[in-house]
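Following the hints, complete the assembly by docking chain B onto the known chain A.
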Amino acid sequence: MTAHDGAYPFRYVEQYTPPPAEPVTDVARTTFEHLYEIDPRLMRTWVLQQEFPNWDSLRIMTSRHDHLDWMHRHFATRVVDGSSVLAELDSPDTADPTTPDASGGNQ
Amino acid sequence: MTLSLDRLDQVVTALGTVLAPEQILTSKTDRYNRARVPAPFPVHRWAERLPDLAVLPTSTEQVAAVVRIANDLRIPVVPRDGGTGLTDGAVPLRGGIVVDVKRMNQIHELDLVNRTVTVGTGINMLKLNEELSRHGLIYPDDPASYPCSLVGGRIGTSGWSLIGSRYGHTRDLVLSFDIVLPTGDILHVGDGIGRKITKSSSGYQLKHLFMGHQGTLGIATRATLKLFPKPEAELSPFWAFDNYDDAYACTGALARAGVATFAGAVLFDEHKVAYLRRDDEAYIPQPSDVRALVCAVLYGYEDEVRAGGKRLFRIAREHGARYLGDEISAGDWAARHDRYATPLHGRTKQGQVVPMSWHCEDSAINYSQLPRVTKAWHEIIARLRRTTDVFDDWGMFAYTQGATGADYLTEIDVGIWEQQLDDAAWELWVNAKREIAAVAIAAGGSISACHGSCREGEVDLVPDELGRGFDVMLDIKRTLDPNNIMNPGKYLLDRAYPGSAR
Numbered sequence: 001m002t003a004h005d006g007a008y009p010f011r012y013v014e015q016y017t018p019p020p021a022e023p024v025t026d027v028a029r030t031t032f033e034h035l036y037e038i039d040p041r042l043m044r045t046w047v048l049q050q051e052f053p054n055w056d057s058l059r060i061m062t063s064r065h066d067h068l069d070w071m072h073r074h075f076a077t078r079v080v081d082g083s084s085v086l087a088e089l090d091s092p093d094t095a096d097p098t099t100p101d102a103s104g105g106n107q
Numbered sequence: 108m109t110l111s112l113d114r115l116d117q118v119v120t121a122l123g124t125v126l127a128p129e130q131i132l133t134s135k136t137d138r139y140n141r142a143r144v145p146a147p148f149p150v151h152r153w154a155e156r157l158p159d160l161a162v163l164p165t166s167t168e169q170v171a172a173v174v175r176i177a178n179d180l181r182i183p184v185v186p187r188d189g190g191t192g193l194t195d196g197a198v199p200l201r202g203g204i205v206v207d208v209k210r211m212n213q214i215h216e217l218d219l220v221n222r223t224v225t226v227g228t229g230i231n232m233l234k235l236n237e238e239l240s241r242h243g244l245i246y247p248d249d250p251a252s253y254p255c256s257l258v259g260g261r262i263g264t265s266g267w268s269l270i271g272s273r274y275g276h277t278r279d280l281v282l283s284f285d286i287v288l289p290t291g292d293i294l295h296v297g298d299g300i301g302r303k304i305t306k307s308s309s310g311y312q313l314k315h316l317f318m319g320h321q322g323t324l325g326i327a328t329r330a331t332l333k334l335f336p337k338p339e340a341e342l343s344p345f346w347a348f349d350n351y352d353d354a355y356a357c358t359g360a361l362a363r364a365g366v367a368t369f370a371g372a373v374l375f376d377e378h379k380v381a382y383l384r385r386d387d388e389a390y391i392p393q394p395s396d397v398r399a400l401v402c403a404v405l406y407g408y409e410d411e412v413r414a415g416g417k418r419l420f421r422i423a424r425e426h427g428a429r430y431l432g433d434e435i436s437a438g439d440w441a442a443r444h445d446r447y448a449t450p451l452h453g454r455t456k457q458g459q460v461v462p463m464s465w466h467c468e469d470s471a472i473n474y475s476q477l478p479r480v481t482k483a484w485h486e487i488i489a490r491l492r493r494t495t496d497v498f499d500d501w502g503m504f505a506y507t508q509g510a511t512g513a514d515y516l517t518e519i520d521v522g523i524w525e526q527q528l529d530d531a532a533w534e535l536w537v538n539a540k541r542e543i544a545a546v547a548i549a550a551g552g553s554i555s556a557c558h559g560s561c562r563e564g565e566v567d568l569v570p571d572e573l574g575r576g577f578d579v580m581l582d583i584k585r586t587l588d589p590n591n592i593m594n595p596g597k598y599l600l601d602r603a604y605p606g607s608a609r
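These protein sequence lines are chains A and B, in that order. Each residue of the first sequence is one higher than the last, beginning at 1 in our numbering. Each residue of the second sequence is one higher than the last, beginning at 108 in our numbering.
Next comes chain A alone, as it looks inside the complex (with noise of 0.2 Å):
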């Protein structure tokens, strides 16, 4: 079911509710899971924060997301994730011994 089929209709009050804001650091805090805003303390003076409503603030956070997929796929047909290469080399199967040195003489 959606917004528009009735059964969860759009409410004013509940859309500018977002879950209590957890701190995180003593400059940011979370609200929805993986959504940081800075802390409204710092945002007094010279920038005031904004209200957003949830659905906005989500769907921005989607967004971001699908741009990082086209970006992705625009410059690769797939990415290669690290934790894939980390078990290969992990794996007793596939250990390389004659890596060389790459140190160099100068650190």
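Read the hints as simulated data drawn from the structure, not as lab findings.
Which bits of chain A does chain B cover? Going by a derived footprint, with three or more residues having C-beta under 8 Å, they are: (1) 18-28; (2) 38-51; (3) 72-83; (4) 86-93.
Just a sample of chain B residues kept apart from chain A, beta carbon distances all over 10 Å, derived: (5) Leu126; (6) Ile131; (7) Thr133; (8) Asp179; (9) Leu200; (10) Arg201; (11) Ala251; (12) Arg278; (13) Ile300; (14) Lys314; (15) Asp349; (16) Asp396; (17) Arg541; (18) Ala545; (19) Gly574.
Backbone N, C-alpha and C fix where the C-beta goes; we use that ideal spot for every residue, glycine too.
Chain B only, in chain A's frame:
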């Protein structure tokens, strides 16, 4: 605006003999939109940078006709492509005609056999690659401004590519091009006379003369570019370190490893990590012992990327790196073009958010000199910061320029509060730029690896960097542009005209 209305009418009438009325733009909006580039400047002086008019030619012949008229009437001409440069190359300093090449954005020929494409210089690389992708090909010139910069601007800047350690930079990727000289003559430059020749030993290597001239020697109109197979696979691991020294050592080792698919390695220092912690979802949650970052990038067929990746992961592990995970690694690399948009990263010394614009100094520095330059540059910005909240140290990174790790694009990012940038603060900044450039030269480096050295402050040291070569620049400028109409006021080239009132 520098021309009287009568003089402007004369210019517009003359241009009307070679262009259609809709190609000649005189409105305030059209002119203000072509007066600046993203680099911060004192905005209360915006009007000093206005052109008198702009034109939108559609062919090399039209560009040549416009330049001939300008040369006859002694009107300054300023080439403008994407307007994304960071050293004011596209900024009119003496009014005149801005030649905006954005309508010359056609693909003229795609040669699938010789793997080249010939385009108008007004084409954007992203749009070009959307077309090339249908043929399994890519033109791998990848600046931070990739979504909006144009091929012609890349030539005028001698641009720097984020994957240049694998594919080369603009000077390597552009095989040849047509350029309209300041007299209106049309010249083709490349290796030899060929359009699609990679290497020639015939005569002077003129292509490089017309690379990075910041619009002072002419207007590139049509270019032939080298193409590559679109990569099958991309790998971009990001690693965290608890100290700069280990990260520095690791970066050098990654670059020296000789991995064929290696497209670049980047070292982010402690100031950059602190900056990212302000407002970047990848780094806000990182533990406090993350004090430096390293990223490596590989492109190619999947089997060779995996093989090279294993080698680089092993090197990183030997240097004490902690892998930051797939999501951050892939996401941060894909976001590499988004760094212009950081308006809320600025902070006063009290920590309040202020809207700042991004400025960067971009020297070329040998690996062995990176720690010394990093320390000296941060000290310069710290002095500025103690004086005023207009400036903010946004950290540094060092980025491999080539596959062997000899030297690095070394960049310090500085937030500048343009709304507060009065003449006194601007003078402080210009003096700091001079000091930053002096440090680079003293370290045996070059003032600029990718943007050019045209802006106030840095430009004063270009004769010091080039020595006798700067005199040769003056001789060439005077020969090719006898009336100093092509982008006057840049690179101290007015010195080529000692009797001039300018």
